[in-house]
Amino acid sequence: MVSLDLLANAIVSGVLLGGFYAGVAAGATISFGLLDVANIAHPAFVVFGAYGAFLLSERFGLDPLVAALFVVPVFYVAGAAVYQVYHWAFERRGDDSMRGLAFFFGLMFVGEVVLILMFGVDYRYTSAAYASTTLKLGSIAFPLRELIPFLGSLAILAAAQLFLNRTFIGRAILGVAQDATALRLMGADPVRLKRIAFGISIALAGAAGALLLVLEPVEPSIGREFIGRVFAIAVLGGMGSLPGTWIAAVMLGVIENLTSIFAGASWAPAVAFGFLLLTLAVRPSGLFGR
Amino acid sequence: MREGSVLRRLGGYAIAVFAGALAVSSAFAADPIKIGFSMAQSGPLAGSGKSALLAMKIWAEDQNAKGGLLGRPVELVYYDDQSNPANVPPIYTKLLDVDKVDLINSGYATPIIAAALPIAMQHDMVLMGLFGLANNAKLNYDKYFSMAPTGEDPANVASKPFFDVADQLNPKPSTIAVITPDIQFGHSVLEGVRNAAQKRGMKIVYDRTFPPSMTDFSTLVREVQATNPDLVVVGTQPGQSINVARAIAEVGLNAQMIGGAMTGLQTTDSETILGQQINGFVNFAYWLPAPKLQFPGSMEFLAKYQAKAKAEGVDPIGYYVAPWAYADLQILAAAVEGTKSLEGDKLGPYIHANTFKTIIGDVQFGPGGEWAKPRTFLIQFQSVKSKDASEFTGTDHLVIVGPPDMKTGELITPFEKARQ
Chain V
-15 MVSLDLLANA IVSGVLLGGF YAGVAAGATI SFGLLDVANI AHPAFVVFGA
35 YGAFLLSERF GLDPLVAALF VVPVFYVAGA AVYQVYHWAF ERRGDDSMRG
85 LAFFFGLMFV GEVVLILMFG VDYRYTSAAY ASTTLKLGSI AFPLRELIPF
135 LGSLAILAAA QLFLNRTFIG RAILGVAQDA TALRLMGADP VRLKRIAFGI
185 SIALAGAAGA LLLVLEPVEP SIGREFIGRV FAIAVLGGMG SLPGTWIAAV
235 MLGVIENLTS IFAGASWAPA VAFGFLLLTL AVRPSGLFGR
Chain S
2 MREGSVLRRL GGYAIAVFAG ALAVSSAFAA DPIKIGFSMA QSGPLAGSGK
52 SALLAMKIWA EDQNAKGGLL GRPVELVYYD DQSNPANVPP IYTKLLDVDK
102 VDLINSGYAT PIIAAALPIA MQHDMVLMGL FGLANNAKLN YDKYFSMAPT
152 GEDPANVASK PFFDVADQLN PKPSTIAVIT PDIQFGHSVL EGVRNAAQKR
202 GMKIVYDRTF PPSMTDFSTL VREVQATNPD LVVVGTQPGQ SINVARAIAE
252 VGLNAQMIGG AMTGLQTTDS ETILGQQING FVNFAYWLPA PKLQFPGSME
302 FLAKYQAKAK AEGVDPIGYY VAPWAYADLQ ILAAAVEGTK SLEGDKLGPY
352 IHANTFKTII GDVQFGPGGE WAKPRTFLIQ FQSVKSKDAS EFTGTDHLVI
402 VGPPDMKTGE LITPFEKARQ
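Chains V and S, in that order, give the protein sequences. Read in order, the letters of the first sequence are residues -15 to 274 in the numbering used here. Read in order, the letters of the second sequence are residues 2 to 421 in the numbering used here.
I should point out that these hints are in silico values taken from the structure, not numbers from a laboratory. Any given hint could be a false lead.
Pairwise CB distance ranges (calculated) [as the list claims (entries may be wrong)]:
no., chain 1, residue 1, chain 2, residue 2, range
1, S, Q199, V, L(-12), 39 to 45 Å
2, V, S116, S, E313, 30 to 36 Å
3, S, N196, V, P57, 37 to 43 Å
4, S, L140, V, F89, 32 to 38 Å
5, S, A354, V, A254, 46 to 52 Å
6, S, A31, V, A86, 56 to 62 Å
7, S, A308, V, P57, 49 to 55 Å
Simulated coverage check for chain S against chain V, where a stretch passes if three residues somewhere in it have a Cβ under 8 Å from a Cβ of chain V [unchecked claim]:
no., segment
8, 115 to 121
9, 223 to 231
10, 249 to 260
11, 336 to 346
12, 367 to 377
The beta carbon of each residue, even a glycine, is placed where N, CA and C say it ideally should be.
Just chain S, with the same shape it has in the complex (with noise of 0.2 Å):
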């Protein structure tokens, strides 16, 4: 062989070898971030589950487009944990061992977050945790973030808004009955209220919780009639809440106010199920396009889900949960460029340290890793006159009472004022 065509040879092999390289080094450099997560796509939470995981792609669509996270894509790995908090762990294993996942982010709601939250802490991972109310108050993980406006006493603060704006009824309430699963959030929002009830002297006069499994609630809602009370603090899941909306009208319960921590009734499905029956409820919220919760970015985020949810057969509006979920991944990921670290000992202090703007607003964790400053606030349904989606788009019938400083509108009371 000549001297000429081994040096060829050889120059060939090391173009060859360098090029093999260079291919390497930048499908490495194009090794997407892992984003791991359980969502509820099936089940009672899924209602909210579809709606949070179109929102979390399009925060992927929209952070792929600017260059993705540290120069690298992202992706989202999720799989349906069926609205069990019992399938939580064996997912979250598997997105750990298997799919080799860099971040992890929570499901939807309590119950699927005090699963995963084990999981993390044993990880020694960031946890945002997606409406979850006082998921962290007894594990005091230092990596946990709440996604949910309800600061640093979250049990209190759910139903202090409710309480907040009883307190200027006249004549002032003095008894209160409370109906509510006998779940994780349950009793958070039973403790919230015996301890409002003591602060402000009220006698509660009812307060037996109901299995979960319950659907027919006319019995227990006659129960409560039978007590007379001044306010009814429903505090329920979705599902359960479209039921004992209908067992109180079809029993006619009144009193000053009803409702304050209906979860589900914040989605277009329950609200057009129940019509006007929804008149006259009382309920928590986030997040509305109010003037003053529209944020850089919130409703071009809104136009954009809308835009898609039809077609993905989820929630249509998307005031819930939606713009939460965004935000969520929002904090994440400005913790890793931040940090420029996927370690959850560089991410965890870094999101304590620092005010985060998203599209639902400034964001500040406290110690406790929930929000430092609550923002929650009440809505009263309000002229509610038929079951079409476009009754509860915008702000016109969903009415915010209180705090005074959010307020767009005046409470109807007593409750069957609201409803004629």
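The following block holds chain V by itself, in its conformation from the complex (with noise of 0.2 Å):
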């Protein structure tokens, strides 16, 4: 019998955890949601955030929300150089499908071997002094170490979602993910947008990174382990949708915690993604897709 207690904190912790996942995933919903860009390699910029937010840690002793301020415009500067890359080495040509893909993968193997030349395999972290705390309201725990990559990544949605949405760059971008030869005609340049756009993507990143550090400790191939999930999430959200990642993400937090408390951890992976499964046979275009 599952008490009611166990079962408040399984949901709490699922949408702490599934709401700090959605900012993981936010970069990836603009790139593969919006850009058509498919950066597989997208939770690995992640981990180098997380490293990021590591190295100015020891040699300067932030926090690692403070670090983040620093993560973020180095990261948009390498986003938008990588994008140009990408751009001339395969879009323009049109080989941006199975050769992009592999470009992707291989910046994610040579990004780990950096990682491991530079930083060795250790696991590295961070110890924020708030990360040891625990909130609790009556019975229910909200530990810092989780409540506070949530508010991080609930903070990275929102200001992407205003800057897409109240910005007349962030519109143009939205522009661009429906039809880059319309903007094209009224004078625009796609490529620009899509590099600006791809430049906060991999920004994104950067921040989920530095708040992965607060929530455990990273060690470089650490990324592998996010693919799945941060894919589904963006799939499931409606490819572009950043209010679809963030529902998602907390959707399949909770049912992996419930499917843990009674069936079995086990259980929890077959069961979110029977779930994923279900949804794209109802609405192909996932929860909130057009």
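Put the two chains together into one complex; each comes in its own frame, and the hints tell you how they fit.
As structure tokens, then:
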């Protein structure tokens, strides 16, 4: 018999973790859903962000959340540069499907090796002062280790959503996603807009990486564990919908935790991905896809 | 052409041919004996994999300084298996078919050995398994030898020190929960716990496995907490061990004893990440620089290892896998020298028939390729006050609590008392 306390804690933990994964998936939603760029290396960029925050924390004693403020602009520039290379080498030639995918796979593995050479293979972690504190509301626990990444991810998604909906460039990026040719006829430069959007997606990955460092220790290959989950969230949310991404991530987090307490944690990935398949069978464009 | 000139020229050719033949023959003599293996240099097993590789390189240096093997230098040929068993068969195929290695060894840990073992069997070669749990239990390959002191019944022996110490608890524990992943290692731990619990009449109140990719354990630990167990056996892989330990601290799980088979908590990175959160956990250990475990060569090896470890960026303390990786090759080398052969058919019976003096003590194998006599022991992390690596050097905070003949201190129980 599952107690109410256990049930409530499982739901809260699922929401917190799901909310964090929404932040991890936000950049993938932009690149994959809005730009049609299959950036399979997105989780690797999240790990690069975590190591960036780790480096700043080790060298200058910065909290990972403060470090994120420095990581984001650097990752924006790096993302824009990566897109430029991708566009020049693949997209403009129409080789952006399989070869583009191979490019991002390669980027992921090269990045992993660079991290191994720079930092070694040991687990790295920065212990923020608040990370070992747990807030309690009755019997329900809110570990700050999970709550802070949850709130940080929420802020990431809200900022990205506001940028896309309320700014001229943001709306132009949404326009690229719908019809790049029409946008070009109106005098806009779709490549420039996509470069900006891809830079933003990588900047979001960097910020999510800094939050990951609050949540758990990282090692160079840990991004591989996120690949399935990140793209499942992006697809389930509706490929390009940031609110959909958040809701999909939270749903998957809660489903996984409920599966764990009712049937065992080993069933959780199967049930979560079963839910994804079922949803796509009914709504092929995802929960919030157009 | 004059006769003398022809003879001189012929003599010159003969000398050249003879010198060439000598050169070929000495090159043959100097052909290295190649020992091939996969080793995790990336991925979750890489922390221990890199430590093991450094130890093996030190062994190769030492061996070559002594004149090599059978008068030939030794050469290690290795590839990164990325901690992924799926990468192991192609690596060994390349080692055997392209690199033409003379001997093979295993990578680190149970799933990697499991992937290499069928290839060793196909080629009828000796395979030394580095820290595998019950890899040969069902295959019974007569040329497999386990470098883990778990004995001929490894699934049950792995959890034996935990239960031997638990048997001394007052009041006697009657319920037990198990936290373990859904992989071969986890199922071996689970099997051992089930057998031990049945033997003692204990009730297992939680034994659901979790997927190996899981990173957050707070819900799972709460499920365990809801069952209010007297004992909690945690059988986890590196990475999982850190995350489970943190979840246990956050949820506030308490029991008479918690831990047992947490792989990875023996390495410095895990220990320093957890700091004080590691206090109270009991765990298996295979070697520590305790007086009874210092054998000829062990401290000299450790000094060499620690001098190189920092520059190589690997586990700076090296109590866990490094001495075993060195001893692993000591045994293989002793068998090659003893048989004057590289053939599995000769090496296998020789290793079965002899006792080997190594830096981790005398090693003798039983019929199944496991250690004839197990030598596992249980430690408890006590009074760790910071995240500094010096806390985990020596045996002050890594207290051996069982078996009785190896004890260096008393178990603090219940778990929450040891955390105060």
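Consistency of the hints with the structure:
no., hint, in the structure
1, S:Q199 - V:L(-12): 39 to 45 Å, "33 Å, violated"
2, V:S116 - S:E313: 30 to 36 Å, "31 Å, holds"
3, S:N196 - V:P57: 37 to 43 Å, "58 Å, violated"
4, S:L140 - V:F89: 32 to 38 Å, "35 Å, holds"
5, S:A354 - V:A254: 46 to 52 Å, "49 Å, holds"
6, S:A31 - V:A86: 56 to 62 Å, "42 Å, violated"
7, S:A308 - V:P57: 49 to 55 Å, "42 Å, violated"
8, 115 to 121, "violated (count 0)"
9, 223 to 231, "holds (count 3)"
10, 249 to 260, "holds (count 3)"
11, 336 to 346, "violated (count 0)"
12, 367 to 377, "violated (count 0)"
In terms of the numbered hints stated before, the structure departs from hints 1, 3, 6, 7, 8, 11, 12, listed from lowest to highest.
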